[in-house]
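*Asks:* Residue numbering for the sequence shown is 1 to 321, as defined by UniProt numbering.
Honestly, the hints are just simulated from the structure, not real lab data.
We treat Cβ as the ideally placed atom computed from N, Cα and C, and that holds for glycine.
Hints are supplied without guarantee of correctness; some may be wrong.
Once the Cα atoms are required to be at most 30 angstroms apart in a straight line, the calculated DSS-like pairs of lysine-lysine come out as [to be verified]: (1) LYS125 - LYS285; (2) LYS147 - LYS123; (3) LYS178 - LYS92; (4) LYS274 - LYS123; (5) LYS123 - LYS209; (6) LYS274 - LYS69; (7) LYS125 - LYS254; (8) LYS92 - LYS69; (9) LYS285 - LYS258; (10) LYS122 - LYS285; (11) LYS231 - LYS178; (12) LYS209 - LYS178; (13) LYS274 - LYS209; (14) LYS254 - LYS123; (15) LYS140 - LYS230; (16) LYS209 - LYS147; (17) LYS92 - LYS38; (18) LYS25 - LYS69; (19) LYS258 - LYS140; (20) LYS230 - LYS147; (21) LYS209 - LYS230; (22) LYS274 - LYS178; (23) LYS123 - LYS285; (24) LYS38 - LYS285; (25) LYS122 - LYS231; (26) LYS237 - LYS258; (27) LYS254 - LYS274; (28) LYS92 - LYS25; (29) LYS274 - LYS258; (30) LYS231 - LYS123; (31) LYS69 - LYS93; (32) LYS237 - LYS123; (33) LYS92 - LYS274.
Cβ pair distances, simulated, as ranges [stated by the list, open to error]: (34) GLY82 - VAL46: 17 to 27 angstroms; (35) PRO167 - GLU139: 21 to 31 angstroms; (36) THR292 - SER137: 21 to 31 angstroms; (37) THR292 - ASN85: 16 to 26 angstroms; (38) GLU47 - GLY82: 23 to 33 angstroms; (39) ALA222 - ASN2: 32 to 42 angstroms; (40) THR3 - GLY197: 53 to 63 angstroms.
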Amino acid sequence: MNTSDTIAVASRSFSRNENLVASLKRKYSSVILNETDKTLAGDQLVEFLMPATKAIIGIEDLSEPILEKLPLLQVISKYGVGLNNIDLKLLKKRNIRLGFTPGVNKQSVAELALTLTLLGLKKIKDNNLDIINGNWSQEKGSELFGKTVGLLGFGNIGQKLAALLQPFNCRILFYDEKVFLDSEMVNLAKDLNYEAGSIVQTSLEQLLKESSILSIHLPLIASTQNIISKKELDYLKPDVCIINTARGGIINEKDLFKFLSQQPLSFAGFDVYKEEPAMNNPLFKLTNFFGTSHRSSLTNEGISSMGMAAINGLDDNIEIT
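Construct the entire structure; sequences and hints are all you get.
*Replies:* Right, dumping it as structure tokens:
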């Protein structure tokens, strides 16, 4: 057992999970948990992390004003996959190491993306509201089978969703900053059980114009912020399904609100928002919008996978270069 380090767990869901906490305490004698049931920020986060030499971080904002007040901190281990809340340049400057496991939540996130897609195509929200309001509606929906699906981002989660879509005989288009070689595309199709040529890398414009379903799987970085705004939304089909289980800020929400308002046959299913909690987000007022509370990873299996990866990352970590 490690008796020299103090571990601070800022993540609420990790701190509430008895199995993860027990696993962590078997490795470290000094563990501090977030028992406030809220996301720590500002001075509260600084005070919480102050004694720690190593920390497990979820969605907490580790910007420069926070990190510069934590002289003891040597390692940050990420609970989850997004790094947009951590100032990596400052980690390098302060020689703080990073524990990070890409794709650890890919199954859970891809499953929610598929769920939201089916919910939109089948018009389940509309039908449920009709029944509640006394209308035994028979409005028609659509099948997923054979549709063209555009994946904005083709990393771990995008590829996992493509695998889940394989039985639906979908045509897969994807846009990614990485340009895949022909040999890589052949191997990807084979690994995902698709016929050669069924998965195609395209330009962003082509993907938007041809897709019946747009599913977003990009990280939130400078080049992806508001990558989907009015110009891009205007390329979309009027009955498109837009799914975002990646990060808020990738789609301009004001422009999306106008698009959904003007295109009543369209649908958007979101799990992430520019500002969270998002209870006052005007998107929720739209009948063709369905939102969940940033919970795509919050399955028993997903929490376990992310938690064990975060524990391992306390010791198995990298220096930022």
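*Asks:* Going through the earlier hints one by one, which of them does the structure break, listed in rising order?
*Replies:* No numbers; nothing is violated.
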